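Chemist: Here are the chains, one letter per residue:
2 protein chains.
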Amino acid sequence: MEALLQLGMVSELPSEAQNCETSASEAKDYFVVRDGVKFAGTHLIIDLWEATNLADPEHIDAVLREAAIATGATILHGHFHHFGPNSGVSGVLVLAESHVSIHTWPERDYAALDIFVCGACNPYNAIPVLKKGFLPGRVQLAENKRGMIA
Amino acid sequence: MEALLQLGMVSELPSEAQNCETSASEAKDYFVVRDGVKFAGTHLIIDLWEATNLADPEHIDAVLREAAIATGATILHGHFHHFGPNSGVSGVLVLAESHVSIHTWPERDYAALDIFVCGACNPYNAIPVLKKGFLPGRVQLAENKRGMIA
Chain A
5 MEALLQLGMV SELPSEAQNC ETSASEAKDY FVVRDGVKFA GTHLIIDLWE
55 ATNLADPEHI DAVLREAAIA TGATILHGHF HHFGPNSGVS GVLVLAESHV
105 SIHTWPERDY AALDIFVCGA CNPYNAIPVL KKGFLPGRVQ LAENKRGMIA
Chain W
5 MEALLQLGMV SELPSEAQNC ETSASEAKDY FVVRDGVKFA GTHLIIDLWE
55 ATNLADPEHI DAVLREAAIA TGATILHGHF HHFGPNSGVS GVLVLAESHV
105 SIHTWPERDY AALDIFVCGA CNPYNAIPVL KKGFLPGRVQ LAENKRGMIA
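In the order they appear, the protein sequences are chains A and W. Quick note: the first sequence uses my numbering, first residue 5, plus one each step. Quick note: the second sequence uses my numbering, first residue 5, plus one each step.
Hints in this document: simulated from the structure, not taken from any laboratory. Computed from a prediction, not measured in an experiment: that's the story for all the values here. One should not assume that every hint holds.
Since copy identity is lost for identical chains, a pair holds within one copy or between any two.
[Claimed, not checked] Pairs of lysine-lysine residues, derived as DSSO-like cross-links and limited to a Cα-Cα distance of at most 27 Å, are as follows: (1) K42 - K135; (2) K149 - K135; (3) K136 - K149.
Go ahead and model the full structure; you've got the sequences and the hints to work with.
Modeler: The following block contains the structure:
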């Protein structure tokens, strides 16, 4: 495994995108109210199958940045680690509104992502960007509302 | 929001811990078989309520590293962003086996974490470390098996 720990990349590229809009009443603690439920944010668990471009860290970096910006989030920090030629990539973007992550298994045409955005960002806006970037034959999606308060 | 984007910290501290053990048959693609199900890894969604130390990025960094090492994972990269004095922290660790993340709302004594480790790492070993580090009154936990193959 040691030999695989290589090619880490760090980048600090503040996004040009506007932050998700937050109303004055939400600004104090950044929780939102929707359908009568107060919660911290929406966390999507996304599995891509029969996907492409999963061994290309530059491409993955670019797609994830575009996806994050599509949700309305602001990118604070990014790191994408390539485990070697033709091997998988693990990457994260730290957002002002939480994070995006990806872990790829090119040998299985499979990628595991999550997108957690708080406040008024819409994580579903990232899905078309991921589909365009990785051309998956199948997408599995699960939603978690984080920090729900009854 | 712009004024809050400050105090980012980047650190690259390879862990001393051993990688999770992987059998020869699993080494090819890192998927594991358990209870007759083949999958990429286990992804825990963890909510801490009535928790402490949520506005201290150095403490959070240290606790998350200890938690990651407890699972048997190898830390490749870490980044913890402090949104300001007495404000929340967003942080991630990129692991050779996927990632750990945390986002804190100290004003609500709430933290949203996730721990995704592939292969033979055990993410549940992180829970006692998180309890010791953040002294939550309540812990909510959900498990996702990622990349399940029928």
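Chemist: All hints are to be evaluated individually against the structure, with a verdict given for each.
Modeler: Hint-by-hint comparison with the structure:
no.: 1; hint: K42 - K135; in the structure: between (30 Å within a copy, 25 Å between copies)
no.: 2; hint: K149 - K135; in the structure: both (23 Å within a copy, 22 Å between copies)
no.: 3; hint: K136 - K149; in the structure: both (26 Å within a copy, 25 Å between copies)
The structure fails none of the hints (numbered hints given earlier).
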